[in-house]
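Colleague: What follows is the residue order along each chain.
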Amino acid sequence: MPKPHASSCKTGSIMPTLPEATTLCARLAEMMRPHVTPLTALLGIRTGGAWIAERLHRDLGIKQPLGSIDISFYRDDFSQRGLAKGAKASQIPFDVEGAHIVIVDDVLYTGRTIRAAINELFDYGRPARVDLAVLVDRGGRELPMAATWCPHTLVLPASQTLVLEQEPVEGTLAFRIAEK
Amino acid sequence: MNMTGNPQLNGHGELQHLITLEGLPREIIAAILDTAEPFAEVAEREVKKVPLLRGKSVFNLFFENSTRTRTTFEIAAKRLSADVINLNINTSSASKGESLLDTVDNLAAMQADMFVVRHASSGAPYLIAQHLAATRQSHIHVINAGDGRHAHPTQGLLDMYTIRHYKKDFTKLTVAVVGDILHSRVARSQLHALHALGVPEIRVIAPKTLMPGGVAGMVGAGHLRVFHDMREGLKGVDVVMMLRLQNERMLGALLPSPQEYFKYYGLTPDKLALAKPDAIVMHPGPMNRGIEIDSAVADGSHSVILPQVTFGIAVRMAVMSMLAGN
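Chains as they are written, first to last, in this note's numbering: chain A, 124 to 303; chain B, 18 to 343.
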């Protein structure tokens with residue numbers, strides 16, 4: 124078990140200081156801005172990634188309609204865990220064929236979610252290019268995946284999950300750590 | 018092993034087989050309808066397939082003829098990436114003498130993962146599920162695709178999906194089920210599902226000879242209203258669910274003639290005018306035009322008969338993937 128770094132530690136707690144999600148959203152937008160073209164389309168992975176994609180879509184003035192993807196039907200742990208409850212239809216309102224698509228998610232961890240999203244995306248057509256934008260990379264990759272843009276990295280033990288939550292009234296985003 | 022008392026559920030209260038909608042909790046029915054929604058979207062993609070049942074073998078065991086049900090089950094399984102094997106077991110193969118359970122054991126030995134069973138005898142799918150449990154093969158799932166007069170649960174579910182699609186809230190509806198209720202497994206599944214989902218007024222409309230005895234108590238006392246006069250029964254309804262007149266199941270003279278049946282129980286534009294102006298008309302197919310339904314209604318603006326077929330694929334995908342994951 125790695126010792127938590129002193130600067131990322133609250134006094135007397137092993138909890139690392141959690142990044143501020145709204146600030147990270149703004150920083151992510153600035154990282155992406157030079158690369159956005161009129162042909163760039165955003166695809167948020169439900170639910171956390173879709174919330175972030177909504178903000179990026181607005182802040183970056185993206186011309187293509189906003190898409191969201193639900194990977195429930197493409198998960199690689201279906202045979203162990205069954206069908207996820209609350210699956211929703213993916214909404215991809217732009218033509219995937221030949222498009223520049225940025226997949227947006229909240230946390231990059233094992234890479235399995237991204238693999239599922241890419242598999243699903245290719246059932247809609249053959250994009251020209253696919254990038255990945257995430258708020259936080261928490262390490263622990265089990266597949267060879269890397270984010271194109273990521274404003275924050277963090278090391279968490281495997282027993283913890285980093286969860287993005289949206290406050291229902293104001294719509295503000297915040298990270299929380301949950302024990303598995 | 019099942020400890021819930023419902024042979025369709027596993028020890029965790031999850032759906033293991035789908036045999037009947039009778040006694041199925043409202044939450045499970047609602048979960049199936051919810052799950053079907055994203056599957057409906059899959060049909061609009063470039064690649065109409067998701068990988069959930071990749072590598073699984075689904076056997077369509079049809080001991081009784083069917084085109085639509087078998088085809089929609091086949092499409093549903095294929096859109097889930099399963100391998101589908103269709104067996105039309107007609108009287109000639111039955112005459113070779115293999116029993117139902119021997120057939121099942123042989124297919125299980127071929128590493129079947131799911132059986133979709135249509136049988137003329139009520140209880141055949143349940144018998145198969147029981148046999149699988151007794152022979153420690155409960156990992157194989159059974160879906161009833163229609164057994165005798167007993168049940169046709171996926172038809173009942175796709176009908177509920179259709180109603181919810183057009184009418185949203187079950188708890189404000191008046192629904193009429195019209196026609197040959199005596200012989201209809203579809204009607205039984207519909208009535209159980211309508212009751213479970215909280216439809217406050219369920220009406221059954223049929224001539225006395227095609228109304229089973231004790232129908233009023235079928236879903237618990239006081240929930241069904243029985244009508245023999247179709248015009249009376251259709252007044253103010255939101256949903257008209259027509260049934261097929263099952264000529265092939267008629268033993269003896271239950272009806273004077275098809276023409277007379279059409280006169281009193283055929284859904285014509287003037288009878289439909291008694292229902293609410295935005296009423297929807299459903300039919301499980303295949304239709305007998307001019308016997309239980311007039312072409313002007315079947316092809317008219319109130320008809321949602323073809324959408325029912327489309328929704329049926331999504332609902333069957335939902336059922337198959339939920340069973341396979343439990």
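Mixed in with the good hints there might be a few duds.
Computed list of lysine to aspartate or glutamate pairs in DMTMM-like fashion (alpha-carbon distance at most 25 Å, straight line) [said to hold, decoys possible]:
| # | chain 1 | residue 1 | chain 2 | residue 2 |
| --- | --- | --- | --- | --- |
| 1 | A | Lys208 | B | Glu249 |
| 2 | A | Lys186 | B | Glu61 |
| 3 | A | Lys211 | B | Glu115 |
| 4 | A | Lys303 | A | Asp260 |
| 5 | A | Lys208 | B | Asp287 |
| 6 | A | Lys208 | B | Glu218 |
| 7 | A | Lys208 | B | Glu54 |
| 8 | A | Lys211 | B | Glu61 |
| 9 | A | Lys208 | B | Glu39 |
| 10 | A | Lys211 | B | Glu218 |
| 11 | A | Lys211 | B | Asp186 |
| 12 | B | Lys65 | A | Asp199 |
| 13 | A | Lys211 | B | Glu44 |
| 14 | A | Lys208 | A | Glu288 |
| 15 | A | Lys211 | B | Glu249 |
| 16 | A | Lys208 | B | Glu61 |
| 17 | A | Lys211 | B | Asp122 |
| 18 | B | Lys66 | A | Asp218 |
| 19 | A | Lys211 | B | Glu31 |
| 20 | B | Lys225 | B | Glu249 |
| 21 | A | Lys211 | A | Glu143 |
| 22 | B | Lys288 | B | Glu218 |
| 23 | B | Lys65 | A | Asp200 |
| 24 | B | Lys225 | B | Asp186 |
| 25 | B | Lys184 | B | Asp130 |
Which chain A residues stay away from chain B? Per the calculated CB distances, all over 12 Å, these [to be verified]:
| # | residue |
| --- | --- |
| 26 | Ala149 |
| 27 | Met154 |
| 28 | Pro161 |
| 29 | Pro188 |
| 30 | Ser195 |
| 31 | Gln203 |
| 32 | Gly205 |
| 33 | Ala210 |
| 34 | Ile215 |
| 35 | Glu220 |
| 36 | Glu243 |
| 37 | Gly248 |
| 38 | Arg249 |
| 39 | Pro280 |
What the hints contain is simulated information worked out from the structure, not anything from laboratory work. The structure displayed is predicted, hence computed values, not measured ones. For each residue, glycine too, the CB sits at the ideal point set by N, CA and C.
Colleague: Hint numbers the structure violates, sorted upward?
Modeller: When the structure is compared with the hints, numbers 1, 3, 5, 6, 10, 15, 17, 21, 24, 25, 30, 31, 32, 33, 34, 35, 36, 37, 38 turn out to be violated.
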